[in-house]
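Asks: So the chains spell out like this:
Protein chains: 2
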Amino acid sequence: MKTYIEQHKERFIEELFSLLRIPSVSALPEHKADMQRCAERLCELLLEAGADRAEVSPSRGNPVVYAEKIIDPSAKTILIYGHYDVQPAEPLEKWHSDPFEPVIHDGAIWGRGANDDKGQLFMHLKAFEREVRLGLLHHNVKFIFEGEEEIGSPSLPEWIREHKDMLKADICLVSDTTMISESVPSINCGMRGLSYLEVKVTGPNKDLHSGHYGGAVANPITVLCEMIASLHDEDQRVAIPGFYDKVVELSDEDRALLSKAPFDLEEYKKFLDVAELRGEKGYSTLERTGIRPCLDVCGIWGGYTGTGAKTVLPSEAHAKISMRLVPNQLSSEITELFKRHFESIAPPEVKVEVKACEGGDGFLIPISSEAYKAGSRAMAEVYGIEPVPSRGGGSIAVLAEVQKILGIDPLLMGFGLERDTIHSPNESYLLKQLFAGMESLSLFYKYY
Amino acid sequence: MKTYIEQHKERFIEELFSLLRIPSVSALPEHKADMQRCAERLCELLLEAGADRAEVSPSRGNPVVYAEKIIDPSAKTILIYGHYDVQPAEPLEKWHSDPFEPVIHDGAIWGRGANDDKGQLFMHLKAFEREVRLGLLHHNVKFIFEGEEEIGSPSLPEWIREHKDMLKADICLVSDTTMISESVPSINCGMRGLSYLEVKVTGPNKDLHSGHYGGAVANPITVLCEMIASLHDEDQRVAIPGFYDKVVELSDEDRALLSKAPFDLEEYKKFLDVAELRGEKGYSTLERTGIRPCLDVCGIWGGYTGTGAKTVLPSEAHAKISMRLVPNQLSSEITELFKRHFESIAPPEVKVEVKACEGGDGFLIPISSEAYKAGSRAMAEVYGIEPVPSRGGGSIAVLAEVQKILGIDPLLMGFGLERDTIHSPNESYLLKQLFAGMESLSLFYKYY
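Chains as they are written, first to last, in the working numbering: chain A, 1 to 448; chain B, 1 to 448.
Everything labelled a hint here was simulated from the structure, so no lab data went into it.
From the three backbone atoms N, C-alpha and C, an ideal C-beta is built for every residue, glycine too.
Watch out, some of these pointers could steer you wrong.
[Stated by the list, open to error] With the C-beta cut set under 8 Å, the calculated list includes, among others, these residues of chain B facing chain A:
1) 155
2) 206
3) 394
[To be verified] Covered stretches of chain A (chain B as the covering partner; in silico rule of three or more C-beta atoms under 8 Å from a C-beta of chain B):
4) 23–33
5) 166–172
6) 195–208
7) 215–225
8) 248–262
9) 300–308
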């Protein structure tokens with residue numbers, strides 16, 4: 001693959017940039033047309049890469065891109081999953097360059113989606129292209145690229161069920177995760193699930209003058225803060241009754257295995273510029289993000305947030321809350337537990353509304369499979385060191401559904417790095433990783 | 001005055017509207033030119049009403065409008081204070097009509113500043129005009145209208161000190177407060193002071209993916225919520241050490257007197273649509289807003305606040321916090337106490353910044369003065385019932401300074417009503433109150 005990359009590098013970059021320039025933000029309805037545009041551009045690239053067919057397939061939500069190349073019905077079939085939607089770019093003022101006008105500097109591509117997931121799915125297009133053009137392809141290959149991963153894949157499970165026969169495969173290959181570090185390759189063998197909710201606390205029925213009413217009327221911001229503060233106990237455990245009931249405790253052996261992953265606490269703190277970390281008592285940092293569930297406030301707003309001083313006792317306060325779940329915790333159950341608990345702790349001075357936004361279950365992947373071994377061998381050859389099996393803290397909600405509906409395991413060969421700050425301003429993707437990813441995926445074809 | 005109002009009503013409304021149409025929002029720097037425009041329009045109206053001179057006088061901040069009519073150096077001098085700046089109109093989507101395009105319906109004028117304070121200062125212009133035009137004026141009259149009251153009058157004290165001789169007067173007359181109800185006139189004999197601060201809590205140095213880091217890194221929104229929740233104790237007292245040290249406790253007699261003010265708790269709750277009220281244990285609602293200090297969160301923001309779900313563990317969280325103070329609590333001291341306390345309770349996982357925004361001391365006004373008696377007699381004649389001495393929960397920061405620098409007491413003849421929802425969307429001012437105010441002020445000239 002190295003030589004092939006050398007020969008086509010400039011075209012590769014230009015093709016990837018054509019995807020990054022489309023602001024396919026699934027969370028914001030005003031980008032509807034961009035979703036279609038991005039899906040169509042992907043079809044073009046898939047056909048150019050060598051797919052027999054590629055189509056923009058409608059779903060209940062944003063369209064799904066499907067493509068395939070069938071060389072032999074009796075050969076093994078690789079189903080490649082990726083997503084072409086991206087997170088909102090806000091806060092825009094923190095970007096050093098336009099999030100949707102990618103640039104290259106310091107050895108990386110900078111822009112929204114550079115890694116997550118346009119950069120990573122693009123590696124699959126090019127690894128596939130090489131196999132086809134050099135006449136090396138000995139698998140059937142199918143692609144599904146969805147446009148709703150960042151909003152929890154609300155439509156894809158239904159679409160997969162409807163196209164179950166068409167999607168028949170032996171393995172679902174995914175590049176949408178990170179490696180432990182630049183020098184320590186890893187393969188994710190488990191991901192957390194997600195419950196995402198929005199809450200609204202209403203006090204008085206209108207914004208009030210804080211001088212005339214302050215001290216006499218419950219302030220919904222204060223009440224919301226009290227409620228949020230009560231969601232963790234002193235040991236930083238999530239204080240929602242029943243939250244941990246189904247969490248599988250790992251054996252000491254499994255914990256010992258996980259703790260072998262190289263991790264430098266001081267480097268981690270330095271990277272984040274924090275003096276101290278905070279997490280559930282009794283667990284290490286890697287365990288806290290890998291095998292333990294958690295609750296985070298992703299956004300909060302209420303009252304006057306403009307320049308200067310407005311003395312208002314506001315009518316409403318809002319927050320967005322995400323919970324990361326581990327295997328056996330069901331997203332639908334946790335969402336319901338949260339809702340019931342949050343409503344139950346609301347004091348009588350306010351009204352509370354809880355709205356479920358999205359969710360998905362976590363999952364585990366066996367590391368004994370043929371596919372895992374092929375992936376591991378491929379990455380070992382590229383990085384000169386065997387990849388570590390790791391647990392990712394993030395969620396790809398739909399993969400648990402893929403596992404259930406199609407009865408195949410996902411294999412998570414991700415090449416992102418912490419430094420890429422996906423979901424944040426100044427997302428980037430190292431060219432080195434982009435190309436090492438292409439090489440690894442090309443070798444996966446060889447060894448699988 | 002009734003006849004005079006009948007004759008000039010339409011012109012009055014048109015003149016007041018010309019003021020309301022100018023978006024003189026002092027908190028937002030983009031309205032700089034509107035401040036100047038509003039000050040100039042006031043000068044025109046003052047000259048037309050009969051002032052000998054009127055000028056837009058520069059200050060360190062927005063200009064001050066000064067006008068005067070001196071009829072006899074040995075006569076008593078009334079100094080009229082008002083402010084031409086208004087609160088921001090946000091949230092705009094909650095207004096039923098354009099905040100800066102006033103309309104009349106349901107017996108009221110609707111628009112930002114309709115009451116606070118353009119509507120109320122306008123009553124003075126017209127009461128003065130009538131006295132001048134009918135040849136009845138037997139006082140010297142001076143006007144100061146400032147453009148920074150809503151941001152805490154940062155420049156006016158200095159301007160007053162510089163023009164101390166010019167401002168010599170016997171009483172400072174102000175209409176910028178509310179009456180107890182439409183049928184229960186009242187005169188404010190005390191106002192609360194203010195300390196307004198902005199706080200910022202910083203966790204990691206960038207927004208993070210809540211899946212990759214959630215559970216391992218302190219979330220600044222959660223930390224801010226915990227810190228805000230800790231600012232009140234179980235008795236709803238402000239839990240800042242030293243906060244109550246200088247608060248004057250009222251005697252049982254004084255409390256009994258205050259409790260005579262008519263107040264319907266059920267009506268109050270119904271007006272606000274809340275099932276329960278919340279406030280400092282051991283005090284009534286009127287005491288909580290009149291004679292007790294308090295702390296409110298006026299605004300909070302952090303993380304993703306747009307549509308849909310963004311799974312972010314944000315870098316920063318912010319809040320705007322106002323404290324209403326009672327006599328003897330010094331704003332500068334309380335601001336410092338808050339700052340010290342808030343910084344001291346920050347856990348090591350975050351960095352905290354506290355910025356003082358504005359402040360002013362509270363004050364009391366003797367009800368035995370000649371001016372108070374004249375005001376009381378005037379309102380009694382208009383409303384058919386003697387006004388109740390009350391304590392306003394709001395703050396007019398600069399009046400304590402006027403008291404100190406010029407050595408004269410303010411007299412607060414305000415005609416606003418709770419229903420006017422000043423500082424909120426759909427601010428209004430009843431025409432009935434506008435005209436009753438003009439009558440009362442005209443009678444004040446007669447009886448003072």
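Asks: A separate judgement is required for each hint: does it hold in the structure or not?
Replies: Here is how each hint holds up against the structure:
1. 155: At 14 Å from the nearest chain A Cβ, residue 155 of chain B fails the 8 Å test, so the hint is violated.
2. 206: 5 Å, holds
3. 394: OK, holds: residue 394 of chain B within 8 Å of chain A, min 3 Å.
4. 23–33: Three-residue rule met by the stretch 23–33 of chain A, so holds; n is 4.
5. 166–172: violated (count 0)
6. 195–208: Satisfied; 7 residues make the cut.
7. 215–225: holds (count 9)
8. 248–262: With 0 residues closer than 8 Å to chain B, the stretch 248–262 of chain A misses the three-residue bar; violated.
9. 300–308: holds (count 9)
When held up to the earlier numbered hints, the structure conflicts with 1, 5, 8 and fits the remainder.
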